[in-house]
Each structure stands twice: as structure tokens, then as C-alpha cells.
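2 protein chains.
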Amino acid sequence: MLNHRIYNFSSGPAVLPVPVLEKAREEMLSYRGCGMSVMEISHRSSQFEAILESAKQGIRDLLQIPNNYQILFLQGGASLQFSMIPMNFLAGGGSADYVITGTWSEKALAEADRCGSTRIISTKKDGGYKAVPTQEELRFSPDALYVHYVSNETIHGVEFTYDLDGHGTPVICDASSNILSKAIDVEKYALIYAGAQKNIGPSGVTVVIIRDDLLETAPKNQQSILDYRNFAEHGSMPNTPNTWGIYIISLVCDWLHAQGGLASMEKRNKEKAALLYAAIDSSDGFYAGHAERQARSQMNVTFRLASEGLERKFCEEADANGLNGLKGHRSVGGVRASIYNAFPKSGVETLVDFMNDFAARNS
Amino acid sequence: MLNHRIYNFSSGPAVLPVPVLEKAREEMLSYRGCGMSVMEISHRSSQFEAILESAKQGIRDLLQIPNNYQILFLQGGASLQFSMIPMNFLAGGGSADYVITGTWSEKALAEADRCGSTRIISTKKDGGYKAVPTQEELRFSPDALYVHYVSNETIHGVEFTYDLDGHGTPVICDASSNILSKAIDVEKYALIYAGAQKNIGPSGVTVVIIRDDLLETAPKNQQSILDYRNFAEHGSMPNTPNTWGIYIISLVCDWLHAQGGLASMEKRNKEKAALLYAAIDSSDGFYAGHAERQARSQMNVTFRLASEGLERKFCEEADANGLNGLKGHRSVGGVRASIYNAFPKSGVETLVDFMNDFAARNS
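Just so you know, the protein sequences line up as chains A and B, in that order.
Mapping of the first sequence onto the numbering used here: residues 20 to 382, in sequence order.
Mapping of the second sequence onto the numbering used here: residues 20 to 382, in sequence order.
Wrong hints could be hidden among the right ones.
Intra- or inter-copy, both count: the list cannot distinguish identical chains.
Derived DSSO-like pairs: lysine-lysine, alpha-carbon spacing no greater than 30 Å straight-line [claimed, not checked]:
id: 1; residue 1: Lys286; residue 2: Lys332
id: 2; residue 1: Lys239; residue 2: Lys144
id: 3; residue 1: Lys42; residue 2: Lys144
id: 4; residue 1: Lys42; residue 2: Lys126
id: 5; residue 1: Lys364; residue 2: Lys286
id: 6; residue 1: Lys126; residue 2: Lys239
Read the hints as simulated data drawn from the structure, not as lab findings.
None of these values were measured; they are calculated from a predicted model.
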């Protein structure tokens, strides 16, 4: 009983690969025979330095990140990045462009607005956040210090299928919910950030990938702990990092390599999402997908049933069948299946069977 | 071999209670039979809400915290608090008093200085940070918005033996390295903060205990993630917290209760420290304690040998004998034995034996 597992569709914190959990369990009281847990070893020890390096190199290899980018591990989640970005790159004056495709881009904008001048260059709010703009639709402000967008919106379930090209404007991307789910062209970006708790590891660590030329524009004499340069100069350790979180990230990277890297993950993720969207599309309207087809997320599949009562019944019955965490975000309702890297195809197949059965019984 | 344990004198991250690690190991793949790891469950789930409540109540019970104080779990370590405190309580104008007793109070002051006006009302720098001021020595500025001090300085090994009384000035205390090591009079404080990685849990969580009247003075319209009020209003979860870290804190609190609470821990900690200081004092000068006797830390015992070469030899031989992490902080050198709550008395006795033997062989 204690170690039975269920299918966990949570949007984050989210499912982790079982081999990662097993390794963490095995090493809990003594990391590689050193006589201490990873949680207990000094962040200045050779053991932890190797863990940090392994996590960093793992991310660099998987995403093929060029050498003119730094990989940093911070705390505070994507939410702290919503603030650090404008504090570092906007507070000195000028304006930044924001692309608004859902709740998370709204939140990022709100913090930037407290700090400086912004322009919304695209918003899909009027349509109920069912779409993302095409590259051709985007018109950057000539003087924009950067353009910010969210590559996947977990709440609405919309995702960019392309790497946004800033045409000279530095591109800053919140990739919290789809990083490492597919190959991307890192060179299109000036800064990519991601809370770890969806595709990378546990909550409490944020991965920041920042290009050197952007880093150099961070102002001097700001609060040390909010200064990207300080983290870069001290190898992510101006202070004690979340050592356990970074350890789990290193194990997740090892697992991703063993699965064949991001090309392999992308193929699997597409297959998983396709199964679910096919179930929605073939349900004769019993299930209604939220996102427009061309903006459908491969990570968070969002859909509605005919009534809130039926949605509640769906989630309760699913939960009773070992399909956990399907309730949509409290702000929008509906149903959401989050199927990140570590979510197994068997779980998607089980959900599809359940969906078909539930529709047959409730049509 | 894999699960042998050593004596870990690290200053933080630091040793955790073995029963806590064993429990975390047991529940790694399925927390209380729910089919998910704690790292995988949603922070909005009933399971995690119970964990958060347990951690909070555990700290409240152990420290006997009155109801007009909020207990918050943040990220970013004490270092983020060095910034958040002046950003919340000094940036609007006025001045704050700082008591300087070592590296950590210096760092806190440096961040406040970037933000507003400060006064050093006491510093022990000239003496090499071997002492702390008495209550009687302290003269608060009549208009000080708050007074900030560090109750235990890990690098120099000096500790306040009393709860500083602000005589009307709100007292803010960095208690990172001695919180939960003894009973304190919480009502003397307006804000107590502590990075978890010494006496409370793993790195990546900061505990903040804040009195309601101070909380109410936090300014509106600041960056959400740097706003104490935002954390208080959202039960520490305006965004995803470090769920694993909070889980371990809840287990550590359970363990502390089972040990008899803080009165019991204080007694044990005094005994452990007394053994080490007695070994220093009876060594005929072979070991020279850094701190003045009345300021000696119960948590971090710092001492020197006759030369750096001898200190290096001491630490290397100790390490080879399963006594790990004794090297002093890189900024001051020497030897440091950190003996937090979870550090066993048997480890102190082993170190004392080693010290006596080493002195005999090298005198």
C-alpha cells in the first residue's frame, strides 16, 4: 500500500520520474556513501559542487545552450522572476513589450508595471485566452528594452509552437511549464526562466538561462539577492541555494538523457497530447477543448463538459479511479490534464478510456 | 557502506535527525499511501495543506508563539530577508538601528544601506568579533524604525544569551543559526527570521515570524513576491512554496516534540557545547577559543591552533576519522564545530577524544 502509485495530472508540483524518486530514496541517508544526506552536506563541499555542476551541464547539454549563456539556479519561483526582470532591466528607464496570453503573462506584466513603463503588444484576453499570436502578428516597439512572453500558459492550456523572434529586441521567456519538453533554439532568447516544479524537479528552484550581453546591463548597487550578476559571478551561490532541489534536477537530467534527450521527449509528449485531443475531438461535443487547435498545449490539456456539475462528477470519479489532479485551475474551472515529461503514456491511455466510458454513461 | 553515517559538523546545510531522514525515505514514493511523493503533490492539495499547517503549528508550539504573530515560509534564505526587511520597513524614509557582531550582521547592514538610512548602534568589529554587547550597552536611536541584530554569528561563533529588549523599538532578529535550539521570549520581537538549513530543515526555506502590527506597516503596491503582507494574506502561498522543505520542517518539529521540546534541546545543547569548550580550556593553550567566554556560541564552537598548517592537519585527520566539516569559514580560517540540535552528543564526545589525542601527539 505504502508504495502504490497513482496517475498524477497535477499542474505543478507535478509527477517526477520513478527512477529519480528511487535514486533519491536510496541515497537519502548517505549520498554516494559519504555518510550524509544531500540535504546535510555543505553547499561548499566537493560533493555538492559536483551535483551543481552536473545539474548545470545536464541542462546545457539537453537544451544545447551556447557558452555565452549562464545557467543559474535561484529561488522564489517564476514569481520572483516577474519582479527581478523589470528590477534589473527596466527600472533604469525606457519601456518593455509584453505579450499577454493568459494568467501568467498577466502576472508578469503586473509586476513590471510597478517598476517601469510597459506596452502590451499583443493580448488574447478578449478571446478568453484560447490562442497565441503568430510571429507575423507581433510588432515590437522600436525602443523596447525587451519583449516578455510565456511560452506555455498552464491555466488556459495554450502554447507557442515556435521560438519567438525578437528581430533585435531581447526576448525574455517564462518557460516554466514546457522547458525540456522539446528542443528549442536557445539563441533566439536573451533570458529563459522556469520554476522547476513541472518538467525539471521539485518546487523551490528556478532555472535562469541568461545571455552574457543582457547580464552585463544589470545595474550596479542593487540588492545583492535580486542581482543576476551576483548569481552569475558566484556560480549560483552568493548564498545557500536549494541544495536538495538542485540534486533532484541533476537526477532528472540524467533520466532525460537516458530517455534519449529532448527529441525523444518531444515525440512522446506529442503522442500523449494527441491521444487526449483525439478523445476530445471524437466525443461529439461531450468534451469541448478550451484552446484553439493551433494553440493547443502539449503540456496542459484543458477542456470543459456541459456543466460544472458534470465536471465535478468527472473529476471525482476520475480521482476514485486513480486519476488525480484533473480539476481545472480555481480561476477558470473546467478540467485540466497536465502531462509533463515524467507523465507516462499509460496514464494518458487510462484517462482516455475513462473519458470514453464516462461520456457513454453520461450522454 | 551506502548507509553508514559520519559525524557532520557543517555549519549549514547541516545534520538532520536520522528519524526524519528515515521517514522521508519511507514516504518517498508515496506520501502516507497517497500514491505520490511529497515533491509531486499539488501545493493546493489537502495533503500539502495539512503538511504546511503541521509545520506552522509545530513551530508555534515549540516557540510558544502568541496568536498576534504570523508564521510564514518564504524562499531566498536569510539573504533575501536582509533585503526584504529594509524594502518593507525602511524604504519609505526614516532610519534603522543595526547591531554588528559579525559577518552576517555586516551583510544585513550592507543591504539596508542600499535602501535607506541606518545607524550602527554597536559594533564588535574592532575586537575581531569576539563579543556581543550587553543589553545595558545598547542605546537605541529615539526615532529608529527598528533595531536589527543577529542572535548567533555562525562564522565567528558568538551568541546572544538574552532576548534583546528594544524598549519600544521593534526588534528584528536573524535567528538562522540558533532558532529552536532553546526557548526564547517571542514577545520581545517584532520579526524573527531564519534560513532553515541549520536547526529547522533543509536549505531553500526561510521561516519568518512577524508580529501583526509590524506587518501592517508594510507598504502597498510593492513587488508582490517581496511583500510580507502578501505572504501573510495567502497563508505563505501567494506562489508555489518549497513544498519538500516545508515537509522536512514538519518532520523536524515532530522530532523536536518527541525529544521533549526546546527546554530539553537547550539542556542537551548546553551539555554538548560545555564538553567542547572544556576541551579547549583544558588544553593548556593548544586550542585557543575565538569568542570571549560570555559570548560563546552554543551552536558554533570556533577555535584556533598554533598555525594554519596545524589547523589543516587537524581538519584532515579529523575528516579521515569520520569527523567532517570542521574547517572554519573561508573568510576567517581556524576550526569550527557546528553542533546544532540534530548533532548527537556522541559526536561531540568523539571529537573531544580526537582533540585530546591530537594535542598529545602534536604538542
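Hint check:
Proximity of Lys286 and Lys332 under a CA criterion of 30 Å is satisfied in neither setting, with 32 Å inside one chain copy and 55 Å between copies. Taking identical chains as interchangeable, the C-alpha atoms of Lys239 and Lys144 lie at most 30 Å apart only when they sit on different chains, with a minimum of 27 Å there against 37 Å within one chain. For a Cα distance limit of 30 Å, the shortest separation of Lys42 from Lys144 qualifies neither inside one copy, at 44 Å, nor across copies, at 46 Å. In the homo-oligomer, the alpha carbons of Lys42 and Lys126 never lie at most 30 Å apart, since the shortest distance is 36 Å inside one protomer and 38 Å across protomers.
Taking identical chains as interchangeable, the C-alpha atoms of Lys364 and Lys286 lie at most 30 Å apart only when both belong to the same chain, with a minimum of 12 Å there against 55 Å between chains. In the homo-oligomer, the alpha carbons of Lys126 and Lys239 lie at most 30 Å apart both inside one protomer (26 Å) and across protomers (17 Å), since each shortest distance falls under that limit.
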